[in-house]
Every structure is written in C-alpha cells, then in structure tokens.
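**Q** Generate the whole structure from the sequences, applying the supplied hints.
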Amino acid sequence: MKNIRLKMARIEHDLSQGELAEKVGVTRQTIGLIELGKYNPTLNLCIAICKTLNKTLDELFWEE
Amino acid sequence: MFWKSKKVDERVKNQQNKIYKEIFFFVMLICLISILIKFITEGVSSQNVLTERLILIFSAVYYCGRAAYLGIFTDEVEIHDSASKFKLSTKFIIFGVAIGMVIAIIMGVNSAFNYAESTPQAIYFFFMVFFVSLFMYSSFIAGILILFYGLAKKKSDRVIQRMLEDEDSGDQYEKHTFKNGSN
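Top to bottom, those sequences are chains A and B.
Counting in the numbering used here, the first sequence runs from 107 upward without gaps.
Counting in the numbering used here, the second sequence runs from 8 upward without gaps.
What follows is a list of derived Cβ distance ranges for each label pair:
id : chain 1 : residue 1 : chain 2 : residue 2 : range
1  : B       : I26       : A       : G131      : 24 to 30 Å
2  : A       : K144      : B       : K92       : 30 to 36 Å
3  : B       : S53       : A       : M114      : 57 to 63 Å
4  : A       : R111      : B       : I64       : 43 to 49 Å
5  : B       : R73       : A       : G131      : 19 to 25 Å
6  : A       : D164      : B       : L154      : 45 to 51 Å
7  : A       : D120      : B       : V15       : 35 to 41 Å
8  : A       : G131      : B       : K13       : 28 to 34 Å
No more than 35 Å apart at the CA atoms, straight line, and that leaves these computed lysine-lysine pairs for DSBU-like:
id : chain 1 : residue 1 : chain 2 : residue 2
9  : B       : K28       : A       : K108
10 : B       : K45       : B       : K25
11 : B       : K25       : A       : K129
12 : A       : K157      : B       : K20
13 : A       : K108      : B       : K13
14 : A       : K157      : B       : K92
15 : A       : K108      : B       : K20
16 : A       : K129      : B       : K162
17 : A       : K113      : A       : K144
18 : B       : K14       : A       : K108
19 : A       : K157      : B       : K14
20 : B       : K25       : B       : K13
21 : A       : K129      : B       : K161
22 : B       : K161      : A       : K113
Hints in this document: simulated from the structure, not taken from any laboratory.
C-beta: ideal position from N, C-alpha, C; glycine also.
**A** Here it is as structure tokens:
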C-alpha cells in the first residue's frame, strides 16, 4: 500500500527523496520503496523520518 | 490449508541473521588460515587449496549475484561512494592489482628458491618472474573484478529502477511539480 502521507509530508518540507534519505541515513531508493509500500521500514527508521518531517508515527505510518 | 504458517519473531530472526553473518566470517577466516598453513607445510600449489579457493570464490560470486538481483548493489555502491574518498570501482582495481602483486611475489620467490643455482641468478629469476607475473595476474584479476562490478551494477540499477517504476515521477523534478500542482 502506497504511503501517500509520507510523500506529501516530504514535499511539504520541500525535500526530495534524496535529501530526506541523506537526513535519515539511508539511500534514495529506500525512501522511494517506503513511499511505494514495497519496503517495510524498521521502527528506528520510521522515527528518524518522523523527526525529520516533524510528524508523529500515527500521522505518517498508521493505516486506518 | 494443511500447512500451518510458521511464526516468525523479528527479534529472533534478527539475532539469527547476526549469527549467520558471524558464521560466514569464521568460515572465510578458516579458509584463509587453511590456505596459509597448507602453503607453509605443503608448499605453494593451487591444487592443494582447491576447496578453499572454491569456497572463497563461490561465496563472493553468490553474494554479488544476489545483491545485484535484489537491487541492493546499487545502494551499496552509493553508500560507499558518498562516504569514501575512493570510489568502489577504484578500490576493485586496487584490490585486483594488490592480489596480482601478492601472487607475483609468491611466484618470484618460488622461482628464485627452486630453479636458481646462484645468488645473482636467484635475484635475476625473482625479478623476471615477478614482473611478468605482475603484468599478467594484475591486469587479469583487476579486469575480471571490474567486469563483474560493471555487470552487477548494471543489473542492480535495472532491478531497482523497475522496483521504483510505479512512482508517479522522479526525485528533484517531482518535488517542484507536485508543489506547483502540475502533478
């Protein structure tokens, strides 16, 4: 399942996938795969992404 | 229907993977020590260390192949190149030349000790065999390594590109077009 909220949050912060990837210490491909729902990130990576984008885990990763 | 899905605890799985990694490291270390001991006790011969060579070469080729087919080789190169002063491809060439040099030294020493009848002849044999071996092995090994690197990188790039294909648009471009409402 695609993670549109993550993509929107990233764009709100005017960050490219590569820029977000560099901030959280992964590669651009990993961020791309998370947004596409093809990679299940660890909690540590989720937290790093949330902190970078000033969002909570619920806001970015909780599926309704 | 008949198969019960096996429960997998992610903490256990992670710890198991750590153990497998350590086992792999020890197997490689044992192979290298075995090669060294055999060279010292039985003399330098490639036939004596055939099994060890097969284990070392097969595991390296298998890892490269799997990494390329899963698309993670691209990421590995990217992570390495962004953090290191030398590119991974440059390191492959240096590694190939270094291996060639080690082989050339072994061959040179072997010729000097086994075939020369006097000290000047031993020195002459050493340098002659060393330079010929260095030229042959270094270029061959470095060439093979860079060829495998190129093939693995190309395959990995294609795999990761296909995995990311569903994306609406690219990276930098997407950031701006989305904001402007044109995406």
